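Asks: Listed below, chain by chain, are the residues.
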Amino acid sequence: MSEQTAAGGTGRAAEHTALEEQFDQWRGYVQRRRAISAADVDEMEDHLRGQVNDLTASGLDDDEAFLVAVKRMGNLDEVSREFAREHSERLWKQLVLVPEEPGEGGRWRELGVVLALAITAGIWVKILLDTAGDNELVLVRNGVFAVLPFLAGYFVWKRRVPWRIAATLLAITAALALVVNLYPFESGPFDEPGMTMFLAISHTPVVLWLLLGVVYSGGAWRSSARRMDFVRFTGELLIYLVLIMLGGGLLIGLTFGSLDLVGVDFEPFLGDWLLPFAIPGALLVGAWLVEAKKNVVENIAPVLTRVFTPLTIVMLLAIFVALVVNGPLTSVDRDLLILMDAILVLVLFLLLYSISARDPLAPPGVFDWMQLVLLGAALAVDAVALVAMLTRIAEFGFTANKVAALGLNLVLLVHLVWAAWLATGFVRGQRSFGAIERWQTQYLPVYAAWAAIVVVAFGPIFGFV
Amino acid sequence: MHIDKDLVAASATPLVLGILADGESYGYAILKRVNELSGGRMQWTDGMLYPLLHRLERLGYVRATWGTSDVGRRRKHYAITADGREALAERRQQWVVVSEALKQVWEDVRPGPAVIEGWA
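Here the protein sequences come in this chain order: A and B.
Following my numbering, the numbering of the first sequence begins with 1 at its first residue and continues without gaps.
Following my numbering, the numbering of the second sequence begins with 1 at its first residue and continues without gaps.
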């Protein structure tokens, strides 16, 4: 008897789980409509649940009750149109940075944390600026160490990153700072950085940025999805920074002009005080905006990839023809290799951002083919340039710069060749889109490793020249 | 019985305001009340109630607050405002005119054939 009751009990529980799943599905379905806000879905779900309760009380089972209740709710297209008529502004999604409802102080606190971190970073930069004096190299070497840890601090706070991970990352960052500052790099005759120092300085931001990815993911850096989130974050942040810089530049220009007319020299204040605080401030506020607007506004980066993928294909074909016709061997030097790296990085970004916003379940379409063409064109151009470069290196030998450029080229090449292979399988319908997506995120640490090698090992290997 | 869509739309505002004039309520309860009042003969499309409530809120006829139901779910409650009561009174006068006119029409109506002859 008691067993029967128990069995009945679990049976009912299981049934209700099924009902809960149906509610979840319904929510997901309704939420996709832009005119219906999350609060409206809550309100309608309350209605739906009330209806289901009454119907089950009158003898229907869960499934039947749910079906009837959903049917009575009416055609969602019509309801959604009605909502759109009432709230047309919702079709222009609104960015609510700080909620107006009382009792939700979280966002205000977050803004406070962001501003505090931005000001602290500004103070650091200011100290650095004052101690550096005329020696600009000190500033160039350490600028990134003065700013990025504070951005990392924001995510450590926001994602509640375990202290062990945060401490490890801090230790790595400190070690890198020591390497960049204490290695006996040689400088040129006019105190300009030597080759290995320049390479170390230019590669540290890459290492630090990818380390930032670890805190961004809240420590779950092995997760492919979290890595993709970090890629999205990076793209959106870049776009925000460009916009903030444009706006800031306009304001500064107007202030400069007005003050100039009344005879006040704005420049000392600008250089000594405004920029040291504005630059880290823009970075942190930009990061905060990206965090706040997630899911609110369409991502911009993927939209840009749609525009630039066809244009880039045209550009690559032009370069390819020019290289083949004019004979690649005549004008090849290090600069060409660096240019090739820049082109491959561009192609990689186009690929990464269009992948980051693609619905993984959608079947292959025109745009996927276009991407494949883009990859093929980039690889063809790179192959021509690479052959030319290798013959050249065989003749004149290696330098630190050439090895760094060549190494990056190979790292990018492996990334893109395998991506092209997977994409071919996908457009032919032999492979799922998930495989392409996974490959992109799996490969990211290779860049961190390569950049770390350049920073740490190139100095000793090439005699700090 | 099927009631014409336009008729439902025209009567929805005074019905909702009238129900809320009795006291604060929420979506599903308002709908149940409409069913009770019409003896189940007025079937609304449930989803359409919410855009309507939001329009009344924007017009300032009702005020919405979020509360919790007895099982702890988020629930939006609506209460009528002074403006809402005024609007209700106005609608009521309009409907009185309409229904009196209709009443006379119904009284004038004779059984089928007679009407046709009259027109001819």
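Treat the hints as calculated values from the structure; they're not laboratory data.
Predicted, not measured: the structure shown is a model, and the values here were computed from it.
For glycine and all other residues, C-beta sits at the position ideal for the given N, C-alpha and C.
Please note that the accuracy of each hint is not assured.
Derived list of chain B stretches under chain A, where covered just means 3 residues or more per stretch with a C-beta under 8 Å from a C-beta of chain A [said to hold, decoys possible]:
(1) 11-25
(2) 74-87
(3) 92-102
In the EDC-like style, the derived pairs of lysine to aspartate or glutamate whose C-alpha atoms are separated by at most 16 Å in a straight line are [as the list claims (entries may be wrong)]:
(4) LYS32(B) - GLU78(A)
(5) LYS126(A) - GLU20(A)
(6) LYS5(B) - ASP272(A)
(7) LYS71(A) - ASP54(A)
(8) LYS32(B) - ASP272(A)
Asks: Each hint needs a verdict: does it hold in this structure or not?
Replies: Checked hints:
1. 11-25: Since three or more residues must qualify, the claim that chain A covers the region 11-25 of chain B is violated, with 0 doing so at under 8 Å.
2. 74-87: holds (count 3)
3. 92-102: That given contact is violated, which follows from only 0 residues of the region 92-102 of chain B lying within Cβ reach (below 8 Å) of chain A.
4. LYS32(B) - GLU78(A): Answer violated: LYS32(B) to GLU78(A) is near 21 Å, above 16 Å.
5. LYS126(A) - GLU20(A): 56 Å, violated
6. LYS5(B) - ASP272(A): 70 Å, violated
7. LYS71(A) - ASP54(A): 15 Å, holds
8. LYS32(B) - ASP272(A): With a Cα-Cα distance of about 69 Å, the restraint between LYS32(B) and ASP272(A) is violated, given a limit of 16 Å.
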